[in-house]
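Peer 1: Same order as they appear, the protein sequences are chains A and B.
Just so it is clear: in the first sequence, position 118 is 118 by UniProt numbering, and no numbers are missing.
Just so it is clear: in the second sequence, position 28 is 28 by UniProt numbering, and no numbers are missing.
The hints are simulated quantities; they were obtained by calculation from the structure and are not laboratory data.
No experiment lies behind these values; they were computed from the predicted model shown.
Sample of chain B residues with no beta-carbon within 10 Å of chain A, all distances over it, derived:
id, residue
1, Lys-53
2, Cys-130
3, Met-139
4, Pro-142
5, Asp-203
To give an idea of the interface, some chain A residues facing chain B are shown, with a C-beta separation under 7 Å as derived from the structure:
id, residue
6, Glu-73
7, Ala-77
8, Phe-81
9, Gly-122
10, Gly-123
11, Trp-124
12, Gln-136
13, Asp-596
14, Ala-598
Cβ coordinates follow ideal geometry from the N, Cα and C atoms, glycine included.
Here's the letter readout for the chains.
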Amino acid sequence: MYGQKSAVEIDTDSFFKTLPAESEDAKPASAHAQVPFVTPLREMNFVLNEVLDAPGHYQKLGYTDLTPDFVDEINGAVASFAEEKVAPLYSSGDAEGCKYNTDSSVSTPRGYKEAYEEWSQGGWSGLTVPEEYGGQGMPLSLGVIKSEIIGTANWSWSMYPGLSMGAINTLLLHASEEQKQTYLTKLVTGEWSGTMCLTEPACGTDLGQVSTRAVDNGDGSYSVTGTKVYISGGEHDMAENIVHIVLARLPGAPEGTKGISLFLVPKYLPNEEGELTGEESADNRNVTCVGIEDKMGIKSSATCVMGFENSKGWLIGEPNDGLNQMFTFMNTARLGTAMQGVCHMERSYQGALPWCMDRASMRALSGKKYPDDVADKIIVHPDVRKNLLTIKALTECGRAMIYDAALKADGMLDDDEAVREKCEEELGLHTPTMKAWLTELGIECSSLGMQVYGGAGFIKDYGMEQIMRDARISTLYEGTTGVQALDLLGRKIILDKGKELGKQAKLQIGEAFEIGTSSTAGNHNLRGHALEVASLSTQWVTTSMRIVAGAASDREIVGSASTDFLMFSGYISGAYQWLKMMNAAGTALDANPDMDAADRSFYESKLHTGRFYFDRLLPKAYALRDMSIKKPDSIMNMPLDGWDLATTLPSNSGDAYAGYKPE
Amino acid sequence: MRVLVGVKRVVDYAVKVRVAADKKAVDLANVKMSMNPFCEIAVEEAVRLKEAKKATEVIAVSIGPKASAETLRTALAMGADRGIHITTDLRTDQELGSLSVAKILAKVAEEESPDAIILGKQSIDGDFGCTGSMLASLMDVPQCTFAAKIDFDASTVERETDTGTEIVKFPGLPAVFTADLRLNEPRYATLPNIMKAKKKKIDAKSIEDLGVELSEGNEVLEVFEPPPREAGILVEDVDGLVDKLKNEASVI
Numbered sequence: 001m002y003g004q005k006s007a008v009e010i011d012t013d014s015f016f017k018t019l020p021a022e023s024e025d026a027k028p029a030s031a032h033a034q035v036p037f038v039t040p041l042r043e044m045n046f047v048l049n050e051v052l053d054a055p056g057h058y059q060k061l062g063y064t065d066l067t068p069d070f071v072d073e074i075n076g077a078v079a080s081f082a083e084e085k086v087a088p089l090y091s092s093g094d095a096e097g098c099k100y101n102t103d104s105s106v107s108t109p110r111g112y113k114e115a116y117e118e119w120s121q122g123g124w125s126g127l128t129v130p131e132e133y134g135g136q137g138m139p140l141s142l143g144v145i146k147s148e149i150i151g152t153a154n155w156s157w158s159m160y161p162g163l164s165m166g167a168i169n170t171l172l173l174h175a176s177e178e179q180k181q182t183y184l185t186k187l188v189t190g191e192w193s194g195t196m197c198l199t200e201p202a203c204g205t206d207l208g209q210v211s212t213r214a215v216d217n218g219d220g221s222y223s224v225t226g227t228k229v230y231i232s233g234g235e236h237d238m239a240e241n242i243v244h245i246v247l248a249r250l251p252g253a254p255e256g257t258k259g260i261s262l263f264l265v266p267k268y269l270p271n272e273e274g275e276l277t278g279e280e281s282a283d284n285r286n287v288t289c290v291g292i293e294d295k296m297g298i299k300s301s302a303t304c305v306m307g308f309e310n311s312k313g314w315l316i317g318e319p320n321d322g323l324n325q326m327f328t329f330m331n332t333a334r335l336g337t338a339m340q341g342v343c344h345m346e347r348s349y350q351g352a353l354p355w356c357m358d359r360a361s362m363r364a365l366s367g368k369k370y371p372d373d374v375a376d377k378i379i380v381h382p383d384v385r386k387n388l389l390t391i392k393a394l395t396e397c398g399r400a401m402i403y404d405a406a407l408k409a410d411g412m413l414d415d416d417e418a419v420r421e422k423c424e425e426e427l428g429l430h431t432p433t434m435k436a437w438l439t440e441l442g443i444e445c446s447s448l449g450m451q452v453y454g455g456a457g458f459i460k461d462y463g464m465e466q467i468m469r470d471a472r473i474s475t476l477y478e479g480t481t482g483v484q485a486l487d488l489l490g491r492k493i494i495l496d497k498g499k500e501l502g503k504q505a506k507l508q509i510g511e512a513f514e515i516g517t518s519s520t521a522g523n524h525n526l527r528g529h530a531l532e533v534a535s536l537s538t539q540w541v542t543t544s545m546r547i548v549a550g551a552a553s554d555r556e557i558v559g560s561a562s563t564d565f566l567m568f569s570g571y572i573s574g575a576y577q578w579l580k581m582m583n584a585a586g587t588a589l590d591a592n593p594d595m596d597a598a599d600r601s602f603y604e605s606k607l608h609t610g611r612f613y614f615d616r617l618l619p620k621a622y623a624l625r626d627m628s629i630k631k632p633d634s635i636m637n638m639p640l641d642g643w644d645l646a647t648t649l650p651s652n653s654g655d656a657y658a659g660y661k662p663e
Numbered sequence: 001m002r003v004l005v006g007v008k009r010v011v012d013y014a015v016k017v018r019v020a021a022d023k024k025a026v027d028l029a030n031v032k033m034s035m036n037p038f039c040e041i042a043v044e045e046a047v048r049l050k051e052a053k054k055a056t057e058v059i060a061v062s063i064g065p066k067a068s069a070e071t072l073r074t075a076l077a078m079g080a081d082r083g084i085h086i087t088t089d090l091r092t093d094q095e096l097g098s099l100s101v102a103k104i105l106a107k108v109a110e111e112e113s114p115d116a117i118i119l120g121k122q123s124i125d126g127d128f129g130c131t132g133s134m135l136a137s138l139m140d141v142p143q144c145t146f147a148a149k150i151d152f153d154a155s156t157v158e159r160e161t162d163t164g165t166e167i168v169k170f171p172g173l174p175a176v177f178t179a180d181l182r183l184n185e186p187r188y189a190t191l192p193n194i195m196k197a198k199k200k201k202i203d204a205k206s207i208e209d210l211g212v213e214l215s216e217g218n219e220v221l222e223v224f225e226p227p228p229r230e231a232g233i234l235v236e237d238v239d240g241l242v243d244k245l246k247n248e249a250s251v252i
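With the rest of the complex left out, here is chain B (with noise of 0.2 Å):
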């Protein structure tokens, strides 16, 4: 089985954010990269199949500018054997949108024909939690979304729910799964890996060499910080918290 990764450059988990000054968009500038949570994890669980003799191949695929170079070296320093790395200018936290992404890692997985794609839930900058479902639809194969289980060998994947978990059998390979936060805890890199991941070839090429066509995104009218937590209020007793938390906050 040959699996295809999807790892995206991000804003590190721990960064807060600062609106830029034109509040189109989040000030990037100087602020601490790292790749994405969930792609760490699809990065893990990748590399785990090819450990367990699951996987002959773990190709990892990032789409950004020159930098994602360094998600890709990480991916491979994890384990993965070879980087594909799709160049672009355009914002991938905004300007590059979640259909066009699909739509770019649809032509990575023709031409690579890998059976099994893992790729993050979501991303922690845009946290649309689309692409893995979209790819899947191009694609026309299965998807296992919010995996926190794989079984390649029974075809069931445990997948979160609102209320808990449930269990989905796909009917075969190929197929796309997106993992989410229990599916495994990523290795950190260990210095003999990234040393031999030196060794380990990235391929880039960017939208236009691959020959996609992008979908119009999304349009960002304005970027803002959430409104200021405000005071809270002194209940006189237990009923009064029940009544508020079911009257006015309608949590309970």
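Pulled out of the complex, with its shape left as it was, chain A reads as follows (with noise of 0.2 Å):
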């Protein structure tokens, strides 16, 4: 169902165009092949349309346009620019980088600012925009397969139009109206981009500590002062202009996350009218970029410090308000990294199959299976098959997992305050579990992507690396996985009482025992699979309240508790999700008997896929329900001085001894 292309690719066009410029000191990156991209549409449209009912979830909420033929045609129009403008560059971007430059300004890969003039021009940034700031009022879930699209061909390069989506929704929900005026709608045209300025030297996790500082100048505007690291698209030569959206500490406000503001602090000061004067230049920035970093991976997304020397900017919304302000799109942020999971592994998929196709080594065990040749294709191997399989079982219940999130969160601007907030507590449960287990997961399948080349996959040449590389980051940013464990276990089912815990669990042992009782299940031996779920979903809640009843005694229990209840909460609602993608093909199957042939292979390929799920992955749950449910001993009792401390600690990284006065 994928194209058939070549296994690997050369690039021409981008090996031309990295040839040595102008400057002496410019160096020719190395052209190295990438793994070419198709979008999987028809993956995309059977979760949408026969798995998760969008198009009556669209009818539903008024949208009477987004009919599954026109939702795909935006889909198709997204996914041919990413074919043709946008994936070309992922290579080739990773191999140049970006360069900060002797005037402080950075310069992205070739042809990166001309994607994103063309991007623009599309009109793609405002599609979850209401009309009155210039977009289209379409709801956010189409947002999320939009960066879906993008972000499988070229997931650096997604996320500077990606930053801004950040940067729109926030001044969406909390600017005044003055502050959309100027910002919002330059943000939607694209012609200045925006930024998300959170995290400092000495805090990323712990924003509590924030020392970023504001001044009232009297006039209503303030002055910012501070450092900023670990800035996407903090500086770049893309847009004319770029908005800041800065955490900052006003003078005498409270200790710690209750004295954090939101400041808009652009780069250029507009006049007036609210334009720019045509005098920009080095000379004259609001903010300047300090440097830029060198990485593992993303590296043609330009990662900035930041500084802010009394760079004037303006209060969002109410003063202290800021982190709350923040966590109004954390569901949708999460949802969007949750998403960078599925893409690395999507791609991964595409650059290991047709090698397994393709590449013969060795015989199958149980007899030749290509015996005109002088081996058999690799795709017979046990081993390689189950790499795939992996891969290929994590991609699509990841997809239909970010999915289902995505139609709940188009609730999230609702005019109707009481369905906004149903929305935020629903998906507040999904969106840390999504986050951690798809992106812990992406960077595995990746890994696996790259293990069926066998040394070629470590090999630039054949892009399966760089994959990995740009995967690698997904579970330390916008919250670790450490983070999302704690949010998940510690906020929103303890400190929820389980209330939203037990929702979602009977949701699907009742879906689960609709299904198991239909004939579909028994036509297609789904019943077993029926069953697990519903058992597993109430495991997720007795297993919870082991954890609590434990943490009553010893609250270290939770912290040590998380990451593995986590993942056992991910791999149920994979399974969940496969269920109905059964269910699904099933029904698919038992209602046209007559269906060609591919449509067949299809549907049964999700049977399969479905049942390698269960078989082989689901597995896993189960160990780590018990590990989660241990004693935290064995990681609390080590002490201080256990930790082999032959090795030197730098001079000036603290002593962990001093100050260490447990209570």
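Join the two chains into one complex using the hints; note that each chain is given alone, in its own frame.
Peer 2: Dropping the structure here:
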């Protein structure tokens, strides 16, 4: 069902563009091949239309235009652009990376600026923005799909418009009308881009430590001073201006998380009419990029250190409301990062499968499968098949998990506050799980994609290793796996007293019952799977109760259990989605016994892949469950001097003994 | 000036097709389909004429199954004003031949009276490249094929030849033009235009409704893959290479 392209494609266009430029110190980037990209539209439509009833959902929300054909048309247009303009830059962008110039500007790799301009002219940044600000007013879920397509094509490139969406959504919900008219409108057209400036050298996870200061200038504006790090798209050459959304502390604000405010600080200050003057240069920047990072992956995303020195900005919303405002979009941001897991899984599969269908090595243990060839194609070998099936099974249920949540997220911009709150509660349970589970497994899948290549997987010229390097960041940013786990277990389950968890478990059990007692289940052997989903959904709740009971006597149990519990939760969610997908496939097969061979093959593939998930991936859930209810002793009992301090500590790293006074 | 543009739904250029089991056709099941690349160029040319205020209306026409409406929607999203869908269940990659297509387009042109008809020079499934010329003959109007540049003011067309290009002058409109690769670079459909295109009309009617009698197409005897590439041979030196190129491959 994927376009049958060759396994390896040399991007000659990109090669010629990377020949040495005029500058003496411009080194030619190595031209290596990359995994070609085909948008899996049929997979996406299956999940939307046959599993989740997206058409019904859109009609119910009043989006009468969003018929399956029209949604497919929109996605198809994004797909064409992504395949032809964005994907070809994936490997060359990685080889070139961004350059920090002597005037503190940043140059993106060749082709990035042009692609960004054309994307902006296409109006795509306005897809989900209300029409009054220049957008098309489409639901957030369509934005999630849009980001999947460009993200799979070229994750680094997609971070530029992606971070702008973060700024757009923040301003949409929290900025004043005047701020929206000046800044939001231009973010929508893409003529200006946006960033989210939260992290500082001393704090990323622990934003309560934010020390960037903001002082009231007395004229409605503020002077912001401080350093922000790891700011994606903080500086670049693709847009005329950059709008930084900055967390900072007002004088006298309460300590910790309750004293942080949100500010809008533009790179260049617009005039009274909200326009640039045309005099913008390196000398009159309001905010300076102090440098960019040299990273393992996502190399063509400019990861910047931003210097704010009495930079002029404006307060967004109320003082000390900064973190609350950030949390409004926590769910969608996590959804977007969860998507990165799926994007890399998908790209890795698109590279791995053609190789396995082509490469010949050894013979099947059960007898020659390609007797006329010198060896069997490696697709015959169980270990290779297992690796491929793992990527396939996780990609497909990952996509279903995200789309399911994305459709729920459409309620986030509803006019009715009750709808918005319900939406946030439901999503709140899912997003930490999806973010961590899909990104952790995204790295693993990108590794498996390399694995089937053997040694060639390690070689840049085959394009597989880049995917893993790009995937590695996804468990680190937007809240590390550990943080997601604490959020899931500590906040969303324990503080919530298990209310939302119970609702979700009951929902899954109910659907498993419906599916398990249907004729479809009988026809396609789904009863056992339905039973397992129901059983695990129950264990999901009981396991959390055991952890809570233990936590009464030892709070460290929560942190010791949380990551395993999160992965346990992820496997259960995956099983629930697989059950639904297998049901949809079986239903389709039963409803149309005369379908053509290719359709039949599509649906039967779903059943085969789902069976693999239940048979070979889901068993991990039980080990994770068991680990999550163990006592924390083996983790917590290691004394401070037991960590092998024979390794010399750097002299300025601080002494862990000093100040260690456990209560 | 009103412009009629033909657009055809074909296998996407990037797909590597496979022969169907019965060896009578290419296997199209679940294969990605797109607008023929030369038709995209034709639409782009027509839309640019509208933007330059040289054309007042661009009508896109497609002949094919239900899904051809998607191809028309793409044309509308690029800027065509309305669409005409001539429906058929015949396979447009082999059952509906060039002459039949030309006859259908001639009937549509009779009804719409366009000043210029722009088609792609060929479709990438059949690769016949005949439709434009046949249409012009049926309509008894001038034809300018393999156009790399069209100048409606001077009534000239720069057209591709095997050795370069030549400039031809056409006596006037109406005329048929077929688009070659260098005529323009087609635009991507923008989101606002996709939204606007939803409101544009597509009129559908069958070949029978149109009242066209089809010509007998070609009979497909067999479809097969090209023979696999054979191993190369090592030549001793440059002289040996030149000798083989000249005397065996006859390419120099």
